[in-house]
Amino acid sequence: MPLLNIIKMKTKQITTLLWISALFFFGCKKELTTTPTTSVPESLIYGTAENIETVLNGTWSYMNDTYFTYANPGYSSILRTSDVMGGDIAIITNKYGYRDAYEYTLANNQTRLGAFWTILYRVINNTNNIISKIDASTGTAEKKAQIKGQAYALRANSYLNLVTYYQFNYQVNPQAKAVPVYIEPSSATTDGNPKSTVEQVYQLIISDLTEAEKLLLSYQRPATTKYKINNDVVNGLLARAYLNMGKWDLAAQHALEAKKNYPYMTEADYSTGFNELKNGEWIWGHGQRPDQSTASYSFHYLDTSSPSAYYYSFMADPNFQKLFDSHDIRAKLFLWDGLPSREGYLRYQKFKFRADQTADIVFMRASEMTLIAAESYARNVEL
Amino acid sequence: MKTKLFFLSFLFFFQLVNAQQNYKVTGRVVEKGTNLPLPGVNILIKGSKAGTSTDQSGNFSITLNKEEEVLSFSFLGFSRQEVTVKAGSTLNIILGDLSNSLDEVVVVAYGTAKKGDITGSVSQINSEQLQNRQVSNITKALQGLAPGIQVVSSSGQPGTSANVRIRGVGSINASAAPLYVVDGNPFSGDLSSLNSSDIQSVSILKDAASSALYGSRGANGVIIITTKSGKRNDQTDITANFSNGISKRAVKDYEQVTTDEYFQSYWLAVKNKQKSSNPNYSDAQAGQAASEQILTDLGINPYGAKYPFPVGPDGKLVAGATPLWDDNWGDAMEQTAIRTQADLSFNGGSEKSQYFISGGYLNDKGIALGSGYKRYSARVNLTTKAKAWLTAGLNISAANTLQDYPISEDSNTGNVVNYSRLIPSFYPVYERNGDGTYKTDANGNRVFDFGAYRPSSAIPKSNLAATVGLDKSEILKDNVSARTFLEATILSELKFKTTYSADFANVNSHNYINPLLGDGAETKGSVSKSNSRTYSWTWNNILTYDKNFNNGHHFNLLGGQEIYKYNYRVISGGRERFVLPGLYEPDAASQLNDFGGSALDYTLIGFFGRAEYDYRKKYLLSASLRTDGSSRFAPATRWGTFWSLGASWKLSEENLLKDNSWLSTLTLRTSYGAQGNDNIGTYYAYEGLYIIQNNLGENGLVTSRLPTPELKWETNLNLNLGLDFGILNDRITGTVEYFDRRSRDLLFSRPKAPSTGFSVIDANVGALKNTGVEVQINATPVRSANFRWNISLNATHYKNEITSLPQAEIKTTTKIMRKGGSVYDFYLREWAGVDPENGNPLWYKQDANGNKATTHIYLDATQHVQDSALPDLTGGISNTFNYKEFELSALFGYSIGGRILDNDYISLMHNGSSTGRTWSKEILNHWTPENKLTDVPRLTTDNLGWTQASTRFLYSATYARLKNLTLGYSLPKTLASKWGLSNLKVILTGENIFTFYGHDGMDPEQTIDGTTYYRYPAMRTLSAGVNLTF
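Protein sequences appear in the order of chains F and L.
The opening position of the first sequence corresponds to residue 1 in the working numbering, with each subsequent residue numbered one higher.
The opening position of the second sequence corresponds to residue 10001 in the working numbering, with each subsequent residue numbered one higher.
These are computed hints drawn from the structure, not numbers from a lab.
From a predicted model like this one, the values you see are computed outputs, not experimental measurements.
Wrong hints could be hidden among the right ones.
In silico BS3-like cross-links for lysine-lysine, where the CA-CA straight-line distance does not exceed 25 Å [claimed, not checked]:
#1 F:Lys195 <-> L:Lys10811
#2 F:Lys95 <-> L:Lys10461
#3 F:Lys195 <-> L:Lys10752
#4 F:Lys352 <-> L:Lys10547
#5 L:Lys10752 <-> F:Lys133
#6 L:Lys10547 <-> L:Lys10495
#7 F:Lys177 <-> L:Lys10046
#8 F:Lys350 <-> L:Lys10524
#9 F:Lys350 <-> L:Lys10461
#10 L:Lys10046 <-> L:Lys10978
To spell it out: a stretch of chain L is covered by chain F in this simulated footprint if at least three of its residues, at any positions, have a beta carbon under 8 Å from a beta carbon of chain F; those stretches are [what the hints assert, rightly or not]:
#11 10252 to 10265
#12 10625 to 10632
#13 10913 to 10923
For glycine and all other residues, C-beta sits at the position ideal for the given N, C-alpha and C.
Model the full assembly from the supplied sequences, consistent with the hints where possible.
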């Protein structure tokens, strides 16, 4: 074959090859658009109320079941920190977990501070998105009212936590600077807001809860989903807010309203571990199951009687025990530790893991509402 | 007639003999440049085992088997030469130096080039430098071998990679790791799956001109690993390597106090606390109380019942009291670590086809209990010239690896490396009776002591020495990598090459907690398994046009296109509550805890071109351009364009220098260009995303990232100035290079006020600069007939500087980023020592006027910018000595400057507050009224907070390590060939033999950012081995 022909032939082959490759490449250009499998673009979410409800669910799940560290398993770590900073618990201080809160050296624990701030404000931003976008979505008015009402109440809960943690009580100085307030969804250009006053934060809390109360009037919560917000929860939050503000009448009124559907625990309930949403006097709580059990990790600190509890560091203050007379059912829950080198450790066997190493978390219960009402009457000199 | 016939036949015979005599070839071998004779040069008749060597005067004589044969001349350190010779000729062979040669062929982007003919900055490490290294991952062998590359092995766990940075740290939030390329195409497999015996060379591309053709991902440099290929027209070499060795810790752990010291010191801590709690106590009362309390605090009396209060009220041990046991938890947590490696390879080929086939076995046990790494690997590399115009090739490798990887870099109490720093030696490993004898079970076996009596700081209800063997943390990987190509020669100048390569990895991990002992005993054990599959492929098509014009001009043009796709998919699940012990799979456990799975996709498409020109190889120019589209970014911003320009001038070829007697080589090189980086961590970096977070059976979504439609490629602008020189006929050669790398449009996690609901937003903000100098010098100080000494040293200094930030300062707990600083500047409170008056810790605080004063209150102290974690100078020195058949080589790696914050140490440095926790020896230097000038505070069971992060625990990171020392003996050639071998070498080798550093107990190889995290220390491995070729 003459050389020229070979060259021609090969050139032809090569040209064909080049064409194929070029076609391939242009075909591939659309391959440059890929889609994630563990997240969803914002543009797909806010069209329908049904989709928006998933944001409410996800926000709740994020708030409760996100590990920052093992000592900060979501929102329950805020509750445990409050416990520890109160007077009833004596922490075993050489155990991992809540020593800094107990010793009031929390400022050293940047991780914990960052976790609380992040949990509460991320909930706020998600609820802001829901509140500002739900009206434009498609869906029944009833569904939209329910979602919006629950979002308002959840936002109020975040702000109520923030304003309680980061400034003195409302009655000390309502004009004191507390925390920044956001009521619109954050965007790339949103800068940090300056601190608002305690009064401004409470105004928002009350208006959010009042709005929620209206929107949730017709919402009937299934009894098994106590992690959803209904008007009993809203009333309970209003009771807490008014109590902080010193508005005793309103506090008592809402507390009684909140508890009316929830009978107190029976004596037998006290020894079952305080770990079930179905507990009759729980108004609001968070459910746990083996595949969603981050919040349950709190029980490794709280549970002082199950052998599987890893830290069992939440011992009762012996002075706390003195508050109970011997007939009190709760007196039976105390147990001196008695192990060598652990003198003075008093176990309080109220909290127990379930067999599957999970435990529901209580957020609000009838007894608390009774105490709010009682305190309000007392402060109002009505007792 | 008869006579005539006889005469003729005699003549014929004579001629035959004569002819055979005439097959003789003689000659002389001399050194290039000096023309000095080279004695001991090996001469082999190619394709046979017959050979000889030169005598003292460099002369040789050899008899060929036939009229014409190929002779191969080889001499250690010189480039091999093959000459076709005719019988009867006399040869004058000139051998040139190998290691000092700019004729060395190096691997560059999409091809190879002579080292002297490139405009960019490339360092190459060859197989001889990697052979016999006792490492399971090739990256760990690179330290100290080349300038400009910083290699830090932060974990000694077998099978882990080292962290590599080329010419500084070029990115802040995006990955600063180099791009790895194996046999021509980007590699997405597991680097540990590569058998280092299969590797021919490792080429490090450091500047724009050399790496811009990988532009899209070359911003932080490129490492090209090339595996061995077959030899043309040669007999098949069969090579077998075997080595066996034992590993220990490279550095000793922190020294701990003895039991006696512990008890007396803890007594003092308790006594001091007693005195402060009970101000009315006399010294004797407090001492008495302490004598009693220490036993209840510690929960054990290792001195036995004979001494109910082993420490008297005076703080001294009671006369006669000696500990009945001293159980070293460090020993209990270590294992005999045997390392075995065996490789077999076949290497050969004909004119048309060449092949390299290998198989390897590695079993590298770790020093920490339960850790180890096993690898079975195989490789086939084939090239065939199918037609005169068509070459095809296939490299395929497969590896199966099994890594036993217990927790070994975490604060978790299950960390096998850190465990012995938690429990002192007076707590027994096995249960003991009061008299010190072992308790035994019904079968007479010792029983592990889980220490329920131990105080919290000494991890009660735990015995890792017992449970590690029962638990599992296995990572089983199957790796297959293939590289195929077709190359067509269209015209002699025009070539077309299409390459398809694929990397496949299947990773199956199995974590199991046993239901018998330890954490799992109460919950009947648990198991989690995950399986991931990664498949990535690259397809490229390249046209090359290479033309020499007869007036000395030479052009090389290259154009191509490339597509890269990456797909990752994973499923994982976990269960707990096993029906019985001895069952490890999820099916055997009753409670389903979780199940999940996800996938990732990533695509890159690129078009590129390069033009090279040279005039008589004296003036060289190069230019390249590449544009890439990345699926990580928005359609409008996903294309990034990168380029480079390079030039080189061989001054020594100029007439002025040509005849210079001492300067043999002098080349100036420069390059400038831009390379890209899209490795932001996430694969979907433009839309606002909500992450899926379901709630108790209902669908859930929650915000995870803000939309960033304008986010684009990070760019690295890289200037290189280089000088190559050779002195005394290249007996001393070297390279000096200056670099200035400027990263801009950094893919930065710009901090936002966390109260907005987002802590960061991805943005192209900030700029970073790495400027530095690197030097490499190779020399052969001694070269005689029997003795040869080669030395090679390299050093790199660079300065990392942030030149722009979106805000004045970005602080983390112990570091700060600010304009003018480096990416890893420590930001700590300054330690002011111990108050001589009361023994309390002191730090410095600064008032508004900048006046320094000491404070007892940690939070009042001012945080200051401290030194950077980055070293001032890194590099290596290697020496090779050859004496007759012996070879001794030593490689030192060093790193000078930089700081490490040693958080590992602080758990042994409590002031008595962590009852029962180990104590370092240094604690004995604590403050007392008699020992006022110290930097260890007084002992008390109150927490003085002195171990909080401060400059007290900031240590120099300077170290030098004898990375490798190898002694080899090769069987003399004459003897070897008698046994039918072409080479037999016996070696003794060691890794990480000595470490010179300042802070005992800490392995100086931590992370690049200078923080410790209870990591697996480096291993010292001593092995004996044999290399056999026949």
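Outcome of the hint check:
Our distance criterion of 25 Å between C-alpha atoms is met by F:Lys195 and L:Lys10811, whose separation comes to about 22 Å. For the proposed pair F:Lys95 and L:Lys10461, the alpha carbon gap of about 14 Å is at most 25 Å, so the pair holds. For the hint linking F:Lys195 to L:Lys10752, the alpha-carbon distance of about 16 Å falls within 25 Å, and the restraint holds. Taking the CA atoms of F:Lys352 and L:Lys10547, the gap is about 82 Å. The hint is violated against a cut of 25 Å.
The suggested pairing of L:Lys10752 with F:Lys133 holds, with an alpha-carbon distance near 23 Å, which does not exceed 25 Å. Taken as a hint, the L:Lys10547 and L:Lys10495 pair is honoured in the structure, with Cα atoms around 11 Å apart against an allowance of 25 Å. Simply put, F:Lys177 and L:Lys10046 have alpha-carbon atoms about 90 Å apart, too far for the 25 Å limit, and the pair is violated. Between F:Lys350 and L:Lys10524, the direct Cα distance comes to roughly 24 Å. Compliance with the 25 Å bound is thereby established for this hinted pair.
At most 25 Å may separate the alpha-carbon atoms for a hinted pair to count; F:Lys350 and L:Lys10461 meet this at roughly 23 Å. About 17 Å separates the Cα atoms of L:Lys10046 and L:Lys10978, which keeps this hinted pair within 25 Å; it holds. Given as covered by chain F, the region 10252 to 10265 of chain L fails the check, having 0 residues with a CB less than 8 Å from a CB of that chain where 3 are the minimum. A stretch counts as covered by a chain when three or more of its residues have a beta carbon under 8 Å from one of that chain; for the region 10625 to 10632 of chain L and chain F the count is 3, and the coverage holds.
Residues of the region 10913 to 10923 of chain L with a Cβ under 8 Å from some Cβ of chain F number 3, which satisfies the need for three, so the listed coverage holds.
Consistency note: the structure conflicts with the earlier hints numbered 4, 7, 11.
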